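**Q** Each chain, written out:
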Amino acid sequence: MAMTPSRARGLLLTPAGLWYAALLLLPLAVVLIFSFGERSPIGGYAPGFTFAQYANLPARFAAFRNTLTLAPIGTLAALLIAYPLAYFLAVKVTPKWKTLLLVLVIVPFWTSILIRSYAWIFLLGGKGIPALLAHLGLEDIRLLNTPFAVLVGIVYGYLPLMVFPIYVALEKLDKRLLEASADLGTPPWRSFLQITLPLSMPGVLTGCMLVFILLMGEFLIPAILGGGKVFFVGNALVDLFLQSRNWAFGSAVAVALVVVMLVVVALYSRAVKRFGATRDDTGLM
Amino acid sequence: MLDALAATGKTMQQDQQMSNSPDKTIASDSVAEFIGTTKRFGSITAADGLSLRIRRGEFLSFLGPSGCGKTTALRMLAGFERPTEGDVLIDGSNVSGLPAHRRPVNMVFQHYALFPHMNVAQNVGYGLRQRRPRMPKAEIAQKVAKALGTVRLSDFSDRRIWELSGGQQQRVALARAIVNEPKILLLDEPMAALDAKLRGEMQRELLALQRSLGITFVLVTHDQEEALAMSDRICIMGNGRIAQVGTPGDLYDRPRSRYVADFVGKANILTAEIIETRDKLVTVRLRSGALVAVQQNPDDSRAQADIAIRPEALSLAAPDAPLPVATATLPARVTHRTFLGDHTEYLLEADDLGTLQVNVPQQAERVSGGHDVGARVHVLWPEGTGLVLAADD
Amino acid sequence: MKDDNKPISRKAFMQELRSYRNGSITRRHFMGVTGLGTAMAVMGGTMPAFLPSRARAQEIGDRVVLATWPNYHDPANFDKFAEMTGAYSQVNVFGSNEEMLAKIQAGGSGWDVFVPTNYAIPTYVDADLIEPLDLSKIPNYDAAAFDPRFAEAGTINGTVYAVPKNWGTTGIAFNSDKTGGVVDSWKTFFDGARDQFDGRVMVHDYQLTTIGNALVYHGFSFNSVDPAELAQAEKLLIDVKPHLYAISSDYQPAMRNGDAWLTMCWTGDGKQMHTDIPEIGFALGKEGGEIWSDYYAIPKDAPHKEAAYALINFLLDPEVNKAEALAHGYPVADSRTNAMLPEELLNDPILYPAAEELDALEFGAAVTLTDPNRAELMARFKSA
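Residue numbers (the numbering used here), protein chains in the order written: chain Z, 1 to 285; chain P, 286 to 678; chain V, 679 to 1062.
No lab work stands behind these hints: they were computed from the structure. Please note: incorrect hints may appear among the correct ones.
Result set (DSSO-like, lysine-lysine): computed pairs, CA atoms no more than 30 angstroms apart in a straight line [stated by the list, open to error]: (1) Z/92 / Z/175; (2) V/964 / V/815; (3) P/551 / Z/175; (4) Z/172 / Z/273; (5) Z/175 / P/565; (6) V/758 / V/1000; (7) Z/175 / Z/98; (8) Z/273 / P/551; (9) P/482 / P/422; (10) V/758 / V/983; (11) P/422 / Z/273; (12) Z/175 / P/431; (13) V/913 / V/964; (14) V/815 / V/978.
Have a look at the derived ranges for each label pair, beta carbon to beta carbon [stated by the list, open to error]: (15) P/445 / Z/94: 54 to 62 angstroms; (16) Z/100 / P/421: 44 to 52 angstroms; (17) V/877 / Z/65: 20 to 28 angstroms; (18) V/1058 / Z/119: 26 to 34 angstroms; (19) Z/72 / V/1058: 53 to 61 angstroms.
Chain P residues, not near chain Z, derived (Cβ > 10 angstroms throughout) [said to hold, decoys possible]: (20) 320; (21) 364; (22) 386; (23) 387; (24) 399; (25) 416; (26) 421; (27) 480; (28) 486; (29) 533; (30) 537; (31) 543; (32) 575; (33) 626; (34) 628.
Everything numeric in this text was worked out from a predicted model, so none of it was measured. Backbone N, C-alpha and C fix where the C-beta goes; we use that ideal spot for every residue, glycine too.
Could you build all of it, start to finish, from the sequences and the hints given here?
**A** Encoded structure:
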């Protein structure tokens, strides 16, 4: 007996569905249930049904504000540094050097972000860059434990995530389009603005989305390079789960974070649709 | 005026004024010129001392196999490659050092290179939008509409590029180029990606367009039929050099070299001994000993040469048939016979001479009743057909 | 100092990085800050030098799992324990009592022995998470040898749930070259932070001590949960925050390289820094502050209970404990062990301050650890 196609497809999707349920929906459901519960007197979770945790969300307003300020700035800064790098790698570098330079971009990822962030403590600390600046007559510049240090750490930590999508987009950009643009009377820099940049937008959007989403949940870099003075939602979550062990409130904060991210992703998909014109099967070969 | 091109708009204008003056008739006659132009990529010489004048308003094709240098020639004209030696002139001014975006030529790319993030109208208007000072939007829209009308795509202006068929994309590419009213329209194998039927249609459309616009078209192709069908003149290239330039008829009837004879149409090429030259006719002795009279190759004084004769210039007769006058006869045996509709292609083993191809028109074939494979026949070679080829380089 | 302005050399960098990774890490450790503690078993298991004999292995099993603080044991002792009993020790280190509590609360920690601090014990007992100890299995524990101050938190309602390990204080570490002398009051600490020590002061990323000492500044109890008193502490902390160098329990690196001049500091860290850099001193706040003691306890669901008892008994052996103390440098509560320690340790004012100095200090209370208002206050302070 032959299965109907839709039934066959349903069966084929079962493993994926189970995977999805187990790895994504189940933990999310637990968090959702917790968020309506209460903190037990000694910490942890006590069952219940209350909106008290959500009502208390304004208590973490500052954390959300800090995150929603630094995450876009960090994403933008990463983009501004990553784009020229990706462009250089994809367009300017000969194939011989390309592999080597790409590996150099990845290599730092082989070390824990913790260790790499600690390296920045020394670079930004009193005996690092500020000491060099002091030699140049700029006395008493504080870099470590400032929002700037967090920004540096963020850009450094997430740079490869931004570089690679842009690199891929630029790499597959048909160079003949640039010849066509030049042929139609466009000087190189205007060709970049009118052809290269718009056609690399999918890579830019992917990179921004990756970095932005991960930044929204970041806690390590603010804790290490912000000296505990820069407080993200991620830090609030760590404290709520591991210090005050207020799991119910922590879950509500986590749900709120997910909601914020969903809004961002929704805006993102709209942006993608706008640039969705870029498809590969356009006769570019 | 050949000074290394600071050819800004100003000098270009000056050049145009000069070319309009009576003593610049040559400049006005040729829209572009290669002067000893050589292009080397490392140790490879892609174009080797090209010298060629492209006439204003003509349809010129660069024809040759891949790697012959035809694309390099086109790209030097477009400004994508800079000559290693020699110069490229457009409208009388030296453009060798002028980047592509400052040359008054436009190209239709092999795979069209349409901008995927723009719709049809935006693609077509792209060149006009680059003009400085800016062209008014209304004027752009009007020119785009006209260009789209010319390529019969008026209803497609809002379409995305990927929604179009290959032929439609090709016409967009064409419109995108001609809307700028270039001095020369460059076409880089524009029909390579089209199927055979569409290609024929497109060829006729292109020709009609060229006649109506009066723009010089320079086409690069490896397809000899395409070149023969469309071109006013063909520049046959091989090994980075120009092998011969001429009208399709010239090239077909009077190939200068074995390379050209082989590349354009089919030809029987035979080695022969030159006996005597009289009144532009040369009497040669073939290897079999037969004497035939062929067209002379100017300034040739060799004792031995290749001669070429087209398969349709020869005919067949039964051994017992009466021989026409002024015709040489080569005894042969039929080895293959292929019916091709309008003619039949015979392959024969000529005695002491080797393989010959003879194409017999269907009408003649009907009259004679044809010749079976294995049959003995006479190959008839009319006096004065065929010609002596120059030595290949 | 001119040294401060020299860029760090590559060699110095590597040394400092290495010290981060193996040595001079604070007790509550950056892992506590980052929540990575539970994910990292830094010390791992120490394997016995030879295979355990079967007979002994059957008595207590072949392993024991210990959850403790970083740099709190002499690794050689674990080898010796394996030699004696055939059970090797798997050691997990943690950043905070809260983390330990979370792990045990969640169940299935797999721990046999862990090291809670005094104020955490009532919470474990209330939640029925730890085992009343069978002292007959810990003959090396002699209650008479311990100062009751450091032992009494282990006994609740007459039942012994935990036996004492080490004790210590939370005071002030200062770089006297920069501060111009000893800093021994929370008044100077918090006022100086906004004045002559602007940008050079660190407080713990830990509500218990940071809020506690801010309360002590105002003359309130270290353990206060009174809303009005907490409000004053909060005002102080938020006022000070822009002037702080950092809010971090990982203060040794910044103190060592001179970026920070003043920090809240646990005894062991103070001792370690002073030993390496004499100008870094350690003092107790004269208004008060925290005194604490750590205990050994056994979770209810410990999988190797016999091994747990054996390990606790082994570590309380005065000879073994002496080796421990020499390795970690925290004050010992066991007078039998103290009798064996070198004079200069016992006379060290950082480790064993004069008894009257301790009088002003308070032990943290259970409610101080779990009070939700203090947790929220800390969050407001950090996000301000």
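**Q** Each of the hints needs a verdict: does it hold here or not?
**A** Comparing the hints with the structure gives:
1. Z/92 / Z/175: 12 angstroms, holds
2. V/964 / V/815: With a Cα-Cα distance of about 41 angstroms, the restraint between residue 964 of chain V and residue 815 of chain V is violated, given a limit of 30 angstroms.
3. P/551 / Z/175: 39 angstroms, violated
4. Z/172 / Z/273: Satisfied, since the Cα-Cα distance of roughly 20 angstroms is no more than 30 angstroms.
5. Z/175 / P/565: Violated: residue 175 of chain Z and residue 565 of chain P sit about 54 angstroms apart, past 30 angstroms.
6. V/758 / V/1000: 14 angstroms, holds
7. Z/175 / Z/98: 17 angstroms, holds
8. Z/273 / P/551: 55 angstroms, violated
9. P/482 / P/422: Cα-Cα ~38 angstroms, so violated.
10. V/758 / V/983: Roughly 19 angstroms between the alpha carbons, so the hint for residue 758 of chain V and residue 983 of chain V holds.
11. P/422 / Z/273: Holds: residue 422 of chain P and residue 273 of chain Z sit about 27 angstroms apart, inside 30 angstroms.
12. Z/175 / P/431: Between residue 175 of chain Z and residue 431 of chain P the Cα gap is close to 29 angstroms, so the pair holds against 30 angstroms.
13. V/913 / V/964: Satisfied, since the Cα-Cα distance of roughly 22 angstroms is no more than 30 angstroms.
14. V/815 / V/978: With a Cα-Cα distance of about 16 angstroms, the restraint between residue 815 of chain V and residue 978 of chain V holds, given a limit of 30 angstroms.
15. P/445 / Z/94: 54 to 62 angstroms: Check failed, 35 angstroms falls outside 54 to 62 angstroms.
16. Z/100 / P/421: 44 to 52 angstroms: Holds - the Cβ-Cβ distance for residue 100 of chain Z and residue 421 of chain P, about 51 angstroms, lies within 44 to 52 angstroms.
17. V/877 / Z/65: 20 to 28 angstroms: Given a distance of about 24 angstroms, which is inside 20 to 28 angstroms, the answer is holds.
18. V/1058 / Z/119: 26 to 34 angstroms: 32 angstroms, holds
19. Z/72 / V/1058: 53 to 61 angstroms: This hint is violated: roughly 24 angstroms between Cβ atoms.
20. 320: 23 angstroms, holds
21. 364: Violated: least Cβ distance 7 angstroms, not greater than 10 angstroms.
22. 386: 5 angstroms, violated
23. 387: 8 angstroms, violated
24. 399: 6 angstroms, violated
25. 416: At roughly 7 angstroms from the nearest Cβ of chain Z, residue 416 of chain P sits no farther out than 10 angstroms, so the non-interface label is violated.
26. 421: 17 angstroms, holds
27. 480: 14 angstroms, holds
28. 486: The assertion about residue 486 of chain P holds, with a minimum of 18 angstroms to chain Z.
29. 533: Correct as stated: the minimum Cβ-Cβ distance to chain Z is 28 angstroms, above 10 angstroms.
30. 537: 33 angstroms, holds
31. 543: Holds: least Cβ distance 36 angstroms, greater than 10 angstroms.
32. 575: Residue 575 of chain P clear of chain Z: closest Cβ-Cβ about 53 angstroms, beyond 10 angstroms.
33. 626: 35 angstroms, holds
34. 628: 38 angstroms, holds
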